[in-house]
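**Student:** Fit chain B to the given chain A structure using the hints.
Sequence lines, in order, name chains A and B.
Read the first sequence against the working numbering and you will find it ends at 309, with the numbers running on by one and no gaps.
Read the second sequence against the working numbering and you will find it ends at 1364, with the numbers running on by one and no gaps.
It is worth saying that the hints were derived from the structure and are not from the lab.
In this text the structure is predicted, and so the values were computed from the model without any measurement.
C-beta atoms are modelled at their ideal positions from N, C-alpha and C, and glycine is treated no differently.
Take the hints with a grain of salt, since some may be wrong.
[To be verified] Listed next, the stretches of chain B that the computed footprint assigns to chain A, with coverage defined by at least 3 CB atoms under 8 angstroms from CB atoms of chain A:
{"hint": "1", "segment": "1031 to 1037"}
{"hint": "2", "segment": "1117 to 1130"}
{"hint": "3", "segment": "1260 to 1266"}
{"hint": "4", "segment": "1304 to 1313"}
[Stated by the list, open to error] Pairs of lysine to any residue, SDA-like flavour, derived with a Cα cap of 25 angstroms:
{"hint": "5", "chain 1": "B", "residue 1": "K1155", "chain 2": "A", "residue 2": "R88"}
{"hint": "6", "chain 1": "B", "residue 1": "K1155", "chain 2": "A", "residue 2": "E277"}
{"hint": "7", "chain 1": "B", "residue 1": "K1318", "chain 2": "B", "residue 2": "A1285"}
{"hint": "8", "chain 1": "B", "residue 1": "K1318", "chain 2": "A", "residue 2": "S87"}
{"hint": "9", "chain 1": "B", "residue 1": "K1173", "chain 2": "B", "residue 2": "A1036"}
{"hint": "10", "chain 1": "B", "residue 1": "K1155", "chain 2": "B", "residue 2": "T1093"}
{"hint": "11", "chain 1": "B", "residue 1": "K1318", "chain 2": "A", "residue 2": "R88"}
{"hint": "12", "chain 1": "B", "residue 1": "K1221", "chain 2": "B", "residue 2": "F1105"}
{"hint": "13", "chain 1": "B", "residue 1": "K1221", "chain 2": "A", "residue 2": "T287"}
{"hint": "14", "chain 1": "B", "residue 1": "K1318", "chain 2": "A", "residue 2": "Q93"}
{"hint": "15", "chain 1": "B", "residue 1": "K1318", "chain 2": "A", "residue 2": "T96"}
{"hint": "16", "chain 1": "B", "residue 1": "K1173", "chain 2": "B", "residue 2": "I1037"}
{"hint": "17", "chain 1": "B", "residue 1": "K1155", "chain 2": "B", "residue 2": "P1166"}
{"hint": "18", "chain 1": "B", "residue 1": "K1318", "chain 2": "B", "residue 2": "G1342"}
{"hint": "19", "chain 1": "B", "residue 1": "K1328", "chain 2": "B", "residue 2": "L1298"}
{"hint": "20", "chain 1": "B", "residue 1": "K1318", "chain 2": "A", "residue 2": "V284"}
{"hint": "21", "chain 1": "B", "residue 1": "K1318", "chain 2": "A", "residue 2": "H90"}
{"hint": "22", "chain 1": "B", "residue 1": "K1221", "chain 2": "A", "residue 2": "V284"}
{"hint": "23", "chain 1": "B", "residue 1": "K1155", "chain 2": "A", "residue 2": "Q93"}
{"hint": "24", "chain 1": "B", "residue 1": "K1328", "chain 2": "A", "residue 2": "V80"}
{"hint": "25", "chain 1": "B", "residue 1": "K1155", "chain 2": "A", "residue 2": "E122"}
{"hint": "26", "chain 1": "B", "residue 1": "K1328", "chain 2": "B", "residue 2": "Q1194"}
{"hint": "27", "chain 1": "B", "residue 1": "K1328", "chain 2": "B", "residue 2": "Y1288"}
{"hint": "28", "chain 1": "B", "residue 1": "K1155", "chain 2": "B", "residue 2": "W1095"}
[To be verified] Taking beta-carbon pairs under 10 angstroms as the criterion, some of the chain B residues facing chain A (in silico):
{"hint": "29", "residue": "Q1072"}
{"hint": "30", "residue": "L1073"}
{"hint": "31", "residue": "G1192"}
{"hint": "32", "residue": "Q1194"}
{"hint": "33", "residue": "S1196"}
{"hint": "34", "residue": "R1206"}
{"hint": "35", "residue": "F1257"}
{"hint": "36", "residue": "V1270"}
{"hint": "37", "residue": "L1298"}
{"hint": "38", "residue": "L1316"}
{"hint": "39", "residue": "L1317"}
{"hint": "40", "residue": "P1320"}
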Amino acid sequence: MTGTLAAQVALIGLAKSGVIAMLAVGIVLIYRTTGVVNLAHWAIGLVGVVVYVLLTGGDVVPPLLAAAVGLAVSALAGLVAQRLVFSRIHRSQVVTMILVALGVGSFFAAVSQMLLRGQRGEIIVTPFLPGGTVDVAGAVILTSELITILVAMATCAVLLPWLKRSRSGRALRAVAQNREAAQLAGIDAARYAELAWVIGSGLAALALLLLIPHSAGEQGGVLSVVHLVPLGSLLIPAFGAALVGGLISLPAALAGSLIFGLVQELLILAPPPIADEREVLAFVAITVLLLLRTERFFASNAELEALRS
Amino acid sequence: MSTKVIDTSVLPKTERRRRAPSGTATAAAVALAAAAIVPLLLGDFASFVGARIAVTAIIGLSVIVVTGYTGQLSLMPYTFVGIGVFVAAHTITGWGWPFWFAAAFAALLSVPLSVLVGLVAVRLRGFYFAIATLTFASAVGATLFEWDAFTGGQKGLSVARPVVGPIDFGGDKAYYLLCLATVLLLVWMVMGLQDSRIGRAMAAVRENETAAATLGVNVMKTKLVAFVVSGMVAAIGGVYHGMLLQSVTRTPYQTPFVEAVGVTLVILVVVGGMRSPWGPFIGAAIIYVQLEVFRTALFLQYFIAAVTAVAFVVVLLKLPDGLVGLIKHEAANVRRAPRRGGIRVAIIIALNVAVFYAIWRLSQ
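So that you can see chain B by itself, here it is in the shape it has in the complex:
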């Protein structure tokens, strides 16, 4: 494995944060406006799907921190989501707390568990780390989530969507906008983390633990911080997930479902791009839009799952930066040769839309 550890802290700040190339900002603004408006125009159901994508993107950010930045594979993100979900049920619905306070509280409550798991897991490398998180996911599912007072037993609990002053987030459209705003805030924070001192330590650990240690990076501390931060992000995602579903039960957070959804999450994050905080958003958007379009055709849903798994393996072998990397690559092409690059992008988009439409027509 290559050891390209560059301590960017010695560079002047302007070098570190290069200005985005012209055009990128415009494109980003257009994409953002579209993301905010399109689901609202399509109605309540589309907004619900949009909110689900945004919530999955929040949870996926936890994978970015621990896997994308630090190179450790955690398969227990949904255990922390479960904590967030049930904390939301108790604090928002039960005790009448404001949702942002509940989110902060859930993040705080995830810390003891992530520290406990982290203290074991950071001593392990590679697949041992992954298996340790798998066993902890099962163990928490068999203990904490079996606790009826916490999870509401078989019946589960209900979670109310927030009302902030005059704004009622109870409807799907309003709730979607709230989730979108939150995911943007968190993407910004996770981007900032990458640029920070600890973020660079994470990158060093990811590329080569031994080399990082010789450079004076505290490897165990860095891995632990990454794991704890990812747990907090997932717990915050859990609060939003609870408010999205409005009624929650413990089953998805217990064996074998907690591992299965964890695997699915990792897959969509990698397909989207695990080195960029936008990766989960793109991965979640692609998968959930497909699943909703083909909702009536169960066979196609599993077909999509199989194709996604193949895409995942191809991305791992050929496209380490996922779809975000592909988009960046095409954008660079367009900048270099606007006409040829533009035609190429148009053809790619048209082909995708055509295939998608054809499958949709066939499934009706």
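The shape of chain A in the complex, shown without the other chains:
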């Protein structure tokens, strides 16, 4: 019985890991190619979710189509943010860069609330994934959670090889590693920076669309005030996961997502003092990661210089 319980908790944790992973991958992609620590990541994804909520409210648009539109809106929001704002700031102005990211995040959070016409409290959201539960080797979880795990895995299975092998993926990595050399080789660095923002922002929307419309299980989802703030409810763990790879390494960020989703969830089964302080343990882990300056394990000095100049 305990085995089944553990498996069940592990699967729920995996679904959470999947959401964190998609957020973390976007954070890493954007940071590597543009040097922006994207504190607006959650809010940009949120805009897509709000568009989804508005479209599904009238029962006219099929939920799956609405989700696709929401995803596209977030990707566009990321593109606009990069083109209008972030491309104008030099990478060495670190504090300005973070402040601007906070401003962009607040902007999109405010726009989201404006689109909802100031509805306060909790808003019921129609799900687009099938309801019900599935039995995975004796452990019963929601279908939406299983799909979240599969989507996250599929995203990584597509994205990692694409970055490694395809022409665009290689160009993206070239821009990340040495912007000037990439430009000399004829790569349009600005275009690839925008591509990174589009992919990252789309992934943020995907993560939030898998999370929020299915957060209440069978009934669908609830969009609450916890989600409508600039930094949202999962951005800090996502940054923690990305920090495992020093905001640079995608595979390490994925490993980090597993830790922050799965381990945190599994600790529920630990004795009470540990189970009660799961969140605090996560914060301690992030602080340790910050102090370790993890980026030096994943990038050469030249690459770190390139990120800062």
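**Tutor:** Just chain B now, kept in the frame of chain A:
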């Protein structure tokens, strides 16, 4: 980044503290008198809003010290505010302490936490510092503020406004004057900090940490002092915030709200001007007056939030000294060419008032 580190300590004192240009003192006195009288004339509610602006300005001064002076971004000011709020609830209402003693005690109690966070954060630069403060804000929200004996659990606690001898600060008007006096005192102190030896070290660290270190500035100590001072200021602000609201709960000091209000505070300080202690006051005044005027139109409130965010980004890119810088610039114009400068300022003010009035009429 430019390295304009000038050790002003070698200059004679008179050079350092130049006399304010004539006219500035008069203008400042007029503005101050208006700030003291206008809310009182408008009634209790306006005084409450005024007090809220003054309290936010106090809390914003903590951002001035750590971000404006030292160039480090802390996103946990409201964690220290929370400490002040609940200390006020226990000491003023529970134990009957005078409010100024409670404020001093809250400032003192914030030190262990700010030293603990500071010892970690000062080792980090740029966004790592910011993320560290974010995680600590969440961690304190999940531990200290979950402690029911400290925060009163779900119900929260109540905070009484002070009575000093024959003066009762219970009413909104009297309380507003108390907050205004406090914010002026603290602005004066934070100005003094900028001119002090440690204040100049902070400026050196802000401009270039490496250059500051070669000049013999202890970078880590300077950052730590800035962080601790900012924590104390925020805790004092918290005591006044508690007395303003009179009933306090823990939710605003826990994730994700503590980060959200921290972001809002940083935004209004930057819009006001983060290099000047008057910046938070101006930023808070603009945002809270707008929010109160448009209180009935929720849609407009979020519209204002969006416009403020845009203004914030524009200020960061174009106006590093915020509205204080803009005011100084226009004041210099007026001094140079009184008639042309004066007309220009009058047009700017008239345009703003017109737009504000038009939106207000449309929202009714």
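**Student:** Look at each hint and say if it fits the structure.
**Tutor:** Going down the list of hints, with the structure as the test:
For the segment 1031 to 1037 of chain B, the stated coverage by chain A is not satisfied: 0 residues place a CB nearer than 8 angstroms to a CB of that chain, which falls below the threshold of 3. Remark: the segment 1117 to 1130 of chain B is confirmed as covered by chain A, as 8 of its residues place a Cβ nearer than 8 angstroms to a Cβ of that chain, reaching the required three. Interface restraint, the segment 1260 to 1266 of chain B with chain A: holds (4 residues with C-beta to C-beta distance below 8 angstroms; minimum three). Only residues whose C-beta sits within less than 8 angstroms of a C-beta in chain A count toward coverage, and the segment 1304 to 1313 of chain B has 7 of them, enough to reach three; the restraint holds.
For the hint pairing B:K1155 with A:R88, the CA-to-CA distance comes to about 47 angstroms; that exceeds 25 angstroms, so the pair is violated. Straight-line distance between C-alpha atoms of B:K1155 and A:E277 comes to about 22 angstroms, which keeps the hinted pair within the 25 angstroms bound. Pair hint B:K1318 plus B:A1285 holds up; C-alpha atoms about 22 angstroms apart against a cutoff of 25 angstroms. A threshold of 25 angstroms between alpha carbons decides the hint, and for B:K1318 with A:S87 the separation of about 15 angstroms falls inside it, so the pair holds.
Taking the CA atoms of B:K1173 and B:A1036, the gap is about 10 angstroms. The hint holds against a cut of 25 angstroms. Taken as a hint, the B:K1155 and B:T1093 pair is honoured in the structure, with Cα atoms around 16 angstroms apart against an allowance of 25 angstroms. Distance restraint check for B:K1318 and A:R88: the Cα-Cα separation of roughly 11 angstroms lies within the 25 angstroms cut-off, and the hinted pair is therefore satisfied. A threshold of 25 angstroms between alpha carbons decides the hint, and for B:K1221 with B:F1105 the separation of about 23 angstroms falls inside it, so the pair holds.
Of the pairs offered as hints, the one joining B:K1221 and A:T287 holds, with about 20 angstroms between alpha carbons and a cut-off of 25 angstroms not exceeded. Annotation: proposed proximity of B:K1318 to A:Q93 holds, straight-line Cα distance about 14 angstroms (limit 25 angstroms). In summary, the hint linking B:K1318 to A:T96 is supported, as the alpha carbons are separated by about 11 angstroms, within the 25 angstroms threshold. About 10 angstroms separates the Cα atoms of B:K1173 and B:I1037, which keeps this hinted pair within 25 angstroms; it holds.
For the suggested pair B:K1155 and B:P1166, the alpha carbons sit about 32 angstroms apart, so the restraint of at most 25 angstroms is broken. Restraint check for B:K1318 and B:G1342: satisfied, since their Cα atoms lie roughly 23 angstroms apart, inside the 25 angstroms limit. Note on B:K1328 and B:L1298: the hinted pairing is violated, with a Cα-Cα distance of about 34 angstroms set against a maximum of 25 angstroms. Pair hint B:K1318 plus A:V284 does not hold up; C-alpha atoms about 38 angstroms apart against a cutoff of 25 angstroms.
At most 25 angstroms may separate the alpha-carbon atoms for a hinted pair to count; B:K1318 and A:H90 meet this at roughly 13 angstroms. Annotation: proposed proximity of B:K1221 to A:V284 holds, straight-line Cα distance about 23 angstroms (limit 25 angstroms). With a C-alpha separation of about 44 angstroms, the suggested pair B:K1155 and A:Q93 falls outside the 25 angstroms cut-off, and the hint is violated. Distance hint between B:K1328 and A:V80 is unfulfilled; the C-alpha atoms sit about 33 angstroms from each other, more than 25 angstroms.
The suggested pairing of B:K1155 with A:E122 holds, with an alpha-carbon distance near 21 angstroms, which does not exceed 25 angstroms. Under the criterion of a C-alpha separation no larger than 25 angstroms, the hint pairing B:K1328 with B:Q1194 is consistent with the structure, at around 18 angstroms. Our distance criterion of 25 angstroms between C-alpha atoms is met by B:K1328 and B:Y1288, whose separation comes to about 22 angstroms. At roughly 19 angstroms between alpha-carbon atoms, B:K1155 and B:W1095 fall within 25 angstroms of each other, so this suggested pair holds.
The beta carbon of B:Q1072 is positioned within 10 angstroms of a beta carbon in chain A (closest approach about 8 angstroms), and the interface hint is therefore held. Taking 10 angstroms as the C-beta cut-off, the interface hint given for B:L1073 holds, the closest approach to chain A being about 6 angstroms. Against a cut-off of 10 angstroms between C-beta atoms, the interface hint on B:G1192 is violated, since the closest Cβ of chain A lies about 24 angstroms away. Because the smallest distance between the Cβ of B:Q1194 and any Cβ of chain A comes to about 18 angstroms, over 10 angstroms, the interface hint for this residue is violated.
The criterion of a C-beta within 10 angstroms of any C-beta in chain A is not met by B:S1196, whose closest approach is roughly 23 angstroms, and the hint is violated. Of the supplied interface hints, the one on B:R1206 holds, with its beta-carbon coming within about 9 angstroms of a beta-carbon of chain A, less than 10 angstroms. For B:F1257, the shortest C-beta to C-beta distance to chain A is roughly 7 angstroms, which falls under 10 angstroms, so the interface hint holds. Look at B:V1270: its Cβ gets to within about 6 angstroms of chain A, closer than 10 angstroms, so that hint holds up.
For the restraint placing B:L1298 at the interface with chain A, the shortest Cβ-Cβ distance is roughly 3 angstroms, inside the 10 angstroms limit, so the hint holds. A least Cβ separation of about 5 angstroms between B:L1316 and chain A falls short of the 10 angstroms threshold, and the interface hint therefore holds. Residue-level restraint check for B:L1317 holds (minimum Cβ-Cβ distance to chain A is 6 angstroms; threshold 10 angstroms). With its C-beta approaching chain A no nearer than about 9 angstroms, B:P1320 sits inside the 10 angstroms limit, and its interface hint holds.
The structure shown violates the earlier hints numbered 1, 5, 17, 19, 20, 23, 24, 31, 32 and 33.
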